[in-house]
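Protein chains: 2
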Amino acid sequence: MTGFNNNVSTKFPKHLTPKGPDGPELLEAERAKASFNIQAVSKFMYGEQVLEKMQNVARVLESEPAFEKTQRYYQGRPERIAHAYEKDKRLIELTKEMNWDQNDRRIAQTWYDQSTPYTLHYGMFLPTLEGQCNEEQRKLFLEPALRHEIIGCYAQTELGHGSNVQGLETTATYIPETNEFDLHSPHLTSSKWWIGGLGKTANYAIVMARLVIHGKDYGPHPFCVQIRSLEDHRPLPGITVGDIGPKFGYATTDNGFLLFDHYRIPHISFLAKFSQVKSGSGEYVKPPNARLSYGTMVFVRANIVNGSKMALARGATVAVRYSAVRKQFVDAAQPSKWNNQVIETPVIDYTMQQYRLFTVIADIYALHFTGREMFKLYDLNMAEMKKGNFNLLADVHSSSSGLKSLTTTMAVEGIEQCRRACGGHGYSLFSGLGQFYQDYLPNVTFEGDNYVLTQQTARYLLKTFRNVVAGKAQASEHNLTINYLTQYMQNPKATCPATSSTDFLNPEVLISAFGFRTAFGIAQVAEDLDRNGRSWNDVLVDVARISKAHCQYMIVRWFFSGLQGATELAAPERKVLQTLAYLFALHTLEAEMSEFLMSGYLSPAQGKLVKEQVLELIARIRPDAVALVDALALPDYYLASALGRYDGKVYQSLAEMVEREPLNHTIVVDGYENYIKPFVYAGLERKKESKL
Amino acid sequence: MTGFNNNVSTKFPKHLTPKGPDGPELLEAERAKASFNIQAVSKFMYGEQVLEKMQNVARVLESEPAFEKTQRYYQGRPERIAHAYEKDKRLIELTKEMNWDQNDRRIAQTWYDQSTPYTLHYGMFLPTLEGQCNEEQRKLFLEPALRHEIIGCYAQTELGHGSNVQGLETTATYIPETNEFDLHSPHLTSSKWWIGGLGKTANYAIVMARLVIHGKDYGPHPFCVQIRSLEDHRPLPGITVGDIGPKFGYATTDNGFLLFDHYRIPHISFLAKFSQVKSGSGEYVKPPNARLSYGTMVFVRANIVNGSKMALARGATVAVRYSAVRKQFVDAAQPSKWNNQVIETPVIDYTMQQYRLFTVIADIYALHFTGREMFKLYDLNMAEMKKGNFNLLADVHSSSSGLKSLTTTMAVEGIEQCRRACGGHGYSLFSGLGQFYQDYLPNVTFEGDNYVLTQQTARYLLKTFRNVVAGKAQASEHNLTINYLTQYMQNPKATCPATSSTDFLNPEVLISAFGFRTAFGIAQVAEDLDRNGRSWNDVLVDVARISKAHCQYMIVRWFFSGLQGATELAAPERKVLQTLAYLFALHTLEAEMSEFLMSGYLSPAQGKLVKEQVLELIARIRPDAVALVDALALPDYYLASALGRYDGKVYQSLAEMVEREPLNHTIVVDGYENYIKPFVYAGLERKKESKL
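As they're listed, the protein sequences go chains D and R. Residue 142 in UniProt numbering sits at position 142 of the first sequence, with consecutive numbering throughout. Residue 189 in UniProt numbering sits at position 189 of the second sequence, with consecutive numbering throughout.
Treat the hints with caution; some may be incorrect.
Note that the list lumps identical chains together, so a pair holds whenever it fits in one copy or between two copies.
Listed below are the simulated DSBU-like cross-link pairs for lysine-lysine, each with C-alpha atoms no more than 35 Å apart in a straight line [unchecked claim]:
#, residue 1, residue 2
1, K216, K688
2, K216, K11
3, K139, K463
4, K33, K493
5, K687, K278
6, K608, K69
7, K43, K472
8, K33, K14
9, K216, K69
10, K43, K386
11, K14, K96
12, K493, K608
13, K139, K649
14, K386, K11
15, K69, K493
16, K278, K575
17, K14, K608
18, K608, K472
19, K493, K11
FYI, nobody ran anything at the bench for these hints, they're computed from the structure. Computed from a predicted model, the values in this text were never measured in an experiment.
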């Protein structure tokens, strides 16, 4: 570059403003329309105390340099990882400084909104040690881990095995002579893979390896293994470890691989709270009832269901607010007006947009009640199990499998639906929905692939069905599966009594319909398996369908029963949530219409009534749409979105974020000299010559 | 770091191999099973000449440093843009050196698989100049542009206006005194936005601006405007221009913004092939028949439909091959064997996986025939229009709108379905499906938002319906819409004659079913609008549905008619394609079952037969699955995927790609000293003290 300063940032002319009416005015008008008290719904959702924590933590993080987000959208992976370490350390300090409890810290992680190298230390390493250490091991591993003197990860998945844990290849062979285990990776596919925090960070790992004693294979067991030196962080001899490279999302996590070459670990490494290997003899002592661990899985999944709700909440908050600000086309038949002037129609007024977004709002509130009910059932079941009663476990566990599958799928689809509803700007990372979609997406695969999980649910449903048919199932207020199956068996030719579209605004009508459709599907699969000679593999497509049907039944049922039990709600708040409950049930019914029709429970004429009622409900939600996302109480710091800001300053915010783009900090781009200029100058030469 | 060399790359132990049977053996076995000649189907799809070009171009690019892809997954945006400029220049040189024609160059772009700064120069700037310049302007703009002496972009979309072109805010006011136009951006929302190649590259832009003459607004018109200096690439005075920042995908494109502050451009800038502004007087001369440009749109959309096919082809190639290599769980009821030993089941043998993937294979071949038919209709229509016959235009144009909408949505869903079918490794960028999904995704929004487009199709369908009812529509062999509507009107209570699942293996049965369902839907919307007093906005949800139904009808119809006309196909190839045609029709019918049932044309019992037949067809495709993706002839260079390699060396390839990850080129990660070591060393101190 000759003679001018290239390091000049491009700025937008400060005098320019968006063509009015502008976002703040439009959102204010929306909020004025609400039929209910926003704050009251927020309190109902989170409780006053948590709501306060949510706001406090956001305020703290906003002014913490280690937690700043303004550079996130421009940075490459190495810069983002470096920044993530800074945040991980600062969070440890902040927790002390602010005297934060676990809830505060979890909220901070949520608002920061990025999995980082220490995430799995908290999420898997500590809980595993907590659950599987004997007293000696608690001192040796758990206590230093709580002080971050050792940093761990959880190494289960291998290059060749994910879903099938029983197929893991890594071996841990007991050596009686030295009272050690020999950890070994016999194949390339035995390499541990995808392990969060392992790539560059962890110095310890919980390693799931096949326990082999005297030539006998006892299957996968957990070992706590040091993998890097505490002196200089180098991998220990016999260990190959590194990062597995870039992913779709999760840029700030160092997912890693790990191979053992006959790596010896001491006897104490075998986590021995449940099963044991006796020193010297190598005698194996079996764990007690393995079913206890299924109880914990319900808790993990209830958290995932809650996460689905929060993910949808984020998508909807951005898309609904932006749809109230973004205007496109004048609707000649029903023109929008502002101060008596015709303006372009805010896109939230198009019924297609309403259909896309308000159904997501209904999903959010539905999942709120689902999550709550799951936590309740978890507590109830754990209490019963402690008394030695395992009656609830199978039902709770199988529902939790299917619900993890269904709700994470709903969330992924809903987020993307919201992003697309933002039109072109939805593709800008400044929408706040791009990286978020990527980071959320693995939920449909991890903690049990969403298709594989449906098999667990379906196996239980089929078993219960056979018990009901054989008269061996006992009705129980907490086992809804037996209830709807029994009802179906009493009248497998039942039909829906609704004769008008308003007849569907009745919880009993809807719950019966969802129950019948599910039972019908289960009965069909049972017939295929038990009478038509089909194998399990032959019916996998229908297996996924009945799991989904069952879970939709649960969500519908819990939405209505949850509302009924929510006596703290005042009339206006109850009314809008009731409308959402109907909308959830009916838009779900509409989406799954073919199964309801195929079961014979609904007629095509009733199907048409359902469609009509969905549109009625959507129109009823319209004035409350912005208020309903406001009630979700997600702070701007969390959203990190130009489109979804509470104040509606969409275009000003986009302009500010564009000014931060590194490409705009020089006038002439790298590459101009070598790759553009030669062609352009050839043209200038040609012009000069032609003038001569 | 003290005392050791930190710059050591992590390598996998070379002696380790995957647990067998390995990918190459498994894929070889798959290929041996094929019922048809792979090469024959490839030739049928592309033609021998194009197929040869596809292979030749891939060979050339593989050894070109400017086209190398091995670093792509690790690079941040600035590095990728710099590399993109290098590639843009090299492609210009290669085209000359290799004497490539337009087809070769397009194939090179496809295989390179990244939109780059010059992409819009070729894709929009040149074609617009080609179409809209008068003779003088061709010399002034087009000729230097063809020599890359000027680099252009196409600036239409604004910050506040995308879909609604008529709402653009930028003005071009004619100044008779100087015979100039005054280009101006009155608001922040008037800023041009999203313009590919504008951010840092283009020195010219086609600017769509409202033409204002003597205070009268003539709406948006195209101007060819210099925006950067040819001497030093600096923006010219009066212009604010820059990059709009990071996006979900399209990292190598410098999408830009552009604001004018009363920027004067000469009279010649107004592209004057069609409309004109007379110098001095400012008299405006209207363009001739605007309908001609609709013809071109059909061509653009036929290309997008073809692109949908190729996108699905890529997803399916990766997922199907990897599913034949990846093994998970032993199916106790039907164990897989290899050399008489039980092995874990390759996931391609699970029916759920087959259902997810083989339906995508059917979609690919369906869209092949759709694209071909659209190009044919485009030619036919252009020929007719030249003769002054505009009869075909409305039908062709409206179908092309809906087909763009439907097929790009199918492609996005299909790619993601394929990616998820790859399990955990589908999230690694090394799958080749992550960045690809991001780059493909905007297809559902650009060139007409997929929801907005359905309105164009539906308006035409409703108009045609009203004409058919009024007896004013003329049947024509090329107007299938009139055909199925007429058939429906003759018997709106018709029902499907199928009584067994094999009865559905009949093109006429299927085409009639799709036609009836579409006509029924159109009739319902017409009734809502014309009799039930609904507004257009009230029926938008159903508008999207009837557009989709119409387009599915077209695809089914063209698949069967295309096969019938493909006399060059030998029996085995014809047979497998026929199976795919049935699978396409029936899995689509299954997915849309509720509409078929609601129309009364199909009964629940018939619905069950359809479900059964889909599973039958999927089983029939099983032995040909790998061969069917091989026939799509996508080179490894294009796929850039460890999972989808032709040779099946999945795990070795993942290991190689991991070794290239920059984080693995040092032993101890940046950040260790400041953020990890302090905690760990505190622990070491504690230990030392406790020992004292």
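Right, here's what the structure says about each hint:
1. Taking CA atoms no more than 35 Å apart as the test, K216 paired with K688 passes in neither setting, with 87 Å inside one copy and 40 Å between copies.
2. Taking the shortest alpha-carbon separations for K216 and K11, only the inter-copy value of 32 Å comes in at or below 35 Å, while the best intra-copy value is 71 Å.
3. In this assembly of identical chains, K139 and K463 lie within 35 Å of each other by CA distance neither inside one copy nor across copies; the values are 44 Å within and 79 Å between.
4. With identical chains, the CA atoms of K33 and K493 are never at most 35 Å apart, being 46 Å at best within one copy and 46 Å at best between copies.
5. Proximity of K687 to K278 under the C-alpha cut-off of 35 Å is restricted to the inter-copy arrangement: shortest distance 28 Å between copies versus 90 Å within a copy.
6. Neither within a single protomer nor between protomers do K608 and K69 lie at most 35 Å apart by alpha-carbon distance, with minima of 48 Å and 53 Å respectively.
7. Taking the shortest Cα distances, K43 and K472 never come within 35 Å of each other, neither inside one copy (44 Å) nor across copies (62 Å).
8. For a Cα distance limit of 35 Å, the shortest separation of K33 from K14 inside one copy, 33 Å, qualifies, whereas the shortest one across copies, 68 Å, does not.
9. In the homo-oligomer, the alpha carbons of K216 and K69 never lie at most 35 Å apart, since the shortest distance is 52 Å inside one protomer and 47 Å across protomers.
10. Proximity of K43 and K386 under a CA criterion of 35 Å is satisfied intra-copy only: 33 Å inside one chain copy versus 68 Å between copies.
11. For a Cα distance limit of 35 Å, the shortest separation of K14 from K96 qualifies neither inside one copy, at 43 Å, nor across copies, at 47 Å.
12. Within a single copy, K493 and K608 get their C-alpha atoms as close as 21 Å, and across copies as close as 17 Å, so both meet the 35 Å cut-off.
13. Taking identical chains as interchangeable, the C-alpha atoms of K139 and K649 are never at most 35 Å apart, the minima being 53 Å within one chain and 45 Å between chains.
14. Taking CA atoms no more than 35 Å apart as the test, K386 paired with K11 passes in neither setting, with 65 Å inside one copy and 49 Å between copies.
15. Taking the shortest alpha-carbon separations for K69 and K493, neither the intra-copy value of 58 Å nor the inter-copy value of 61 Å comes in at or below 35 Å.
16. With identical chains, the CA atoms of K278 and K575 are never at most 35 Å apart, being 63 Å at best within one copy and 64 Å at best between copies.
17. For the identical chains of this complex, K14 and K608 are neighbours neither inside a copy (54 Å) nor across copies (64 Å), given an alpha-carbon limit of 35 Å.
18. Taking the shortest alpha-carbon separations for K608 and K472, only the inter-copy value of 30 Å comes in at or below 35 Å, while the best intra-copy value is 39 Å.
19. For a Cα distance limit of 35 Å, the shortest separation of K493 from K11 qualifies neither inside one copy, at 70 Å, nor across copies, at 65 Å.
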